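A.B. asks: The listed protein sequences correspond, in order, to chains A and B.
Position in the first sequence (first residue = 1) + 352 = my numbering.
Position in the second sequence (first residue = 1) + 1 = my numbering.
Don't take every hint at face value.
Stated by the list, open to error - Below, a sample of chain A positions facing chain B; criterion: calculated Cβ distance under 8 Å:
1. R506
2. T581
3. G589
Said to hold, decoys possible - Listed next, with one range per pair, are the computed distances between beta-carbon atoms:
4. G89/B - K591/A: 40 to 50 Å
5. L113/B - L358/A: 20 to 30 Å
6. L638/A - A198/B: 30 to 40 Å
7. D140/B - K559/A: 45 to 55 Å
8. V369/A - D140/B: 53 to 63 Å
9. I690/A - H93/B: 40 to 50 Å
10. W563/A - L113/B: 53 to 63 Å
11. L638/A - D140/B: 24 to 34 Å
12. G508/A - Q254/B: 55 to 65 Å
13. L113/B - P687/A: 19 to 29 Å
14. D163/B - P672/A: 42 to 52 Å
15. I371/A - R135/B: 20 to 30 Å
Hints were generated in silico from the structure; no laboratory data involved.
All values reported here derive from a predicted model rather than from experimental measurement.
C-beta atoms are modelled at their ideal positions from N, C-alpha and C, and glycine is treated no differently.
Listed here are the chains, written in short residue letters.
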Amino acid sequence: MRPLTLRRLFFQCLILVLILFVVAVVAIKFGAVPVSLYALGRDVLRYLLGQTSQISTEYGFILWNIRLPRILLAIIVGASLAVAGTSFQALLRNPLADPYVLGVSSGASVGAILALIATPYLSLSPALSALLTPMGAFLGAAATISAVYFLGRREGQIDSTTLLLAGVITASFLSAIITFLMSTITSSNTRGMAFWLLGNLSTSYQKSVYWFLGIGFFVAAGAIYTTATDLNLLLAGEKEAMHLGVDVPRVRLVVYIAASFLTGLAVSVSGAIAYVGLIVPHVMRLIFGSDHRTLLPTTALGGAIAVVFADTLARTVVAPTELAVGAVTAVVGAPLFIYLLRRGTS
Amino acid sequence: MSSSALARNAGEPARSNSDARLSVEQVSYAYSANPSQAPLFTLEATSFQAKPGEIVAILGPNASGKSTLLKLISGALAPLSGRILLNGFVIHSLTPRTRAQRIAVVQQESRLLFPAQAWEFVLQGRHAHSRTLRFESDDDVIIAKNALAQVGAADLSDRWMDQISGGEKQRVILARALAQQPLLLLLDEPTLHLDIAAQVDLLHSLRRLAAENRYTVVVVTHELNLAAEYADQVVLMQRGRCLRVGPPAAIYQRELLEQVFQTPLTVALGSSGRPHVTVLSGT
């Protein structure tokens, strides 16, 4: 018997933080313009010593204004999607649930696009209109998960296969709407179709957006973490969880809202990156077990690592052009999905 | 904590009836898929009482309302009329957390989505006793270990739940219920997937545990003879009605059981002084 302790949790997270750091350094180094590790270390040191004037302007610009924000974005998006995936898997009792597979990402995309289209017509302050996109994405995500939840029920019970089918159908329907919206509306502000359908981390945002994303992530993921032990019990079914003392309706509400918010957050800045919420929780479960007190923080870090890594690949594999990061995650995720599906049915 | 204190107050009419722990008073229930239609299933006014250390068997054929009665006692369903008291508190008005501190439910089977080891599973029973985000204390671990030992499953502690036999699994599930340190232990057809040796073993453990820990045990079962052997009281149900309540010797009458179970049978007094039923086949 080896129950979880804070100490063990801390060390598990520490290892992942170190890996994330290494992956981030690699991500900064590689790209269209090569940066040597020596120059990188020197510049970081200079930055820390306050000698910013000595940093070569070209490097400095690429590092601080292009690559670092992109890595930050990848970290937040990866962590958000992975935590959302873990939450959906526990709540729906379905190991294949993932924001992308369930159509929640597509719903968030539609919400975000509608918000972007509406923004010019509303006379809002710039700060408020910047928030409109993530809010639209959140509402789109929340509406989609509610729809899929009800479509996925049979005789009052969530049916695993029906749920997945409902998700897939909803996703393809929403993709059609995205395609329609993007083809009919010619606004320079709505980014590209590939952005929303496949995901892309190349857009850079104002500083305030990163703050909003970071704080939003910690609030929503924190809310989910308060239900970590409840989620452990929910894996055995809602009735059983109730008998063990879980306030099921409350947990369900908190986690659905928070997970939809995380999905909306990620999708509003990066589009629909596929399968991160599926691959990462499964890998982390294999390594650390299925206790959500460990699983939630480790999947957050694992998601960050995975997306930073996938984005580095996306930037470098066919350089100087770029792949969509969602294409990279899908290449890994889709076969895994099929493997899990076949294992589940046999 | 504060919510459980509130629930305690909300439990009101604390009419402590002699030494009964569980008191089911004129409880009825109706189930219908559509409120405008006639109910598909009803449970008519049912009453019985149970003391600490007592085993009550709810007995009856399929669709007699056994499981519904158990769900009402567990607080999962709210009765249409009547009330169910546990130590004077109305059960279904307690919060899930408070209920889980006092009532443990062992269901027919427990399906896990992701593999877990037996000790992890048993520690789940401590959920209602620990605060949000608290890691299991040494006390919780000791209680879980004791629970496993009490059901004779100490050696299963590090085994994976999907790699043990049905009987072993049922014992681990029972250990989780014991880890809840309940007043009331409810079991829904616990012997359903077990072979005869495991059935006897389980009920024997229940008998011992009820006596040692002063649990009140309510068990739903088909097994006439196991109920006769181990129950202090039998609640005999048929088509949503509670026909009789009493000790097995008073309930096990040939005509009554033949009428309820729709099959010819004989009732004899066994060596233990408890009735024994033999079903006559081929007639």
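A.B. asks: Against each hint, give a clear statement of whether it holds in the structure.
C.D. replies: Results of checking the hints against the structure:
1. For R506/A, the interface hint is violated, since its Cβ never comes within 8 Å of a Cβ in chain B; the closest pair sits about 14 Å apart.
2. Of the supplied interface hints, the one on T581/A holds, with its beta-carbon coming within about 6 Å of a beta-carbon of chain B, less than 8 Å.
3. Annotation: interface hint on G589/A holds; nearest CB of chain B at approximately 7 Å, less than 8 Å.
4. A beta carbon spacing of about 26 Å between G89/B and K591/A contradicts the range 40 to 50 Å that was offered as a hint.
5. Here the CB-CB span from L113/B to L358/A is close to 25 Å, well matched to the stated 20 to 30 Å.
6. Checked against the given bound of 30 to 40 Å, the beta carbons of L638/A and A198/B, roughly 37 Å apart, stay inside it.
7. Our hint of 45 to 55 Å for D140/B and K559/A holds, since their Cβ atoms are close to 49 Å apart.
8. Checked against the given bound of 53 to 63 Å, the beta carbons of V369/A and D140/B, roughly 32 Å apart, lie outside it.
9. Distance hint check: the CB atoms of I690/A and H93/B are about 45 Å apart, consistent with the given range 40 to 50 Å.
10. At roughly 41 Å, the beta carbons of W563/A and L113/B sit outside the given window of 53 to 63 Å.
11. Checked against the hint of 24 to 34 Å, the pair L638/A and D140/B passes, with Cβ atoms roughly 31 Å apart.
12. As the Cβ distance of G508/A to Q254/B is approximately 40 Å, the hint placing it in 55 to 65 Å is violated.
13. Distance hint check for L113/B and P687/A: the Cβ-Cβ separation is about 26 Å, which falls inside the suggested range of 19 to 29 Å.
14. About 51 Å separates the C-beta atoms of D163/B and P672/A, a value consistent with the hinted range of 42 to 52 Å.
15. At roughly 29 Å, the beta carbons of I371/A and R135/B sit within the given window of 20 to 30 Å.
Violation of the numbered hints given earlier is confined to hints 1, 4, 8, 10, 12; the remaining hints are satisfied by the structure.
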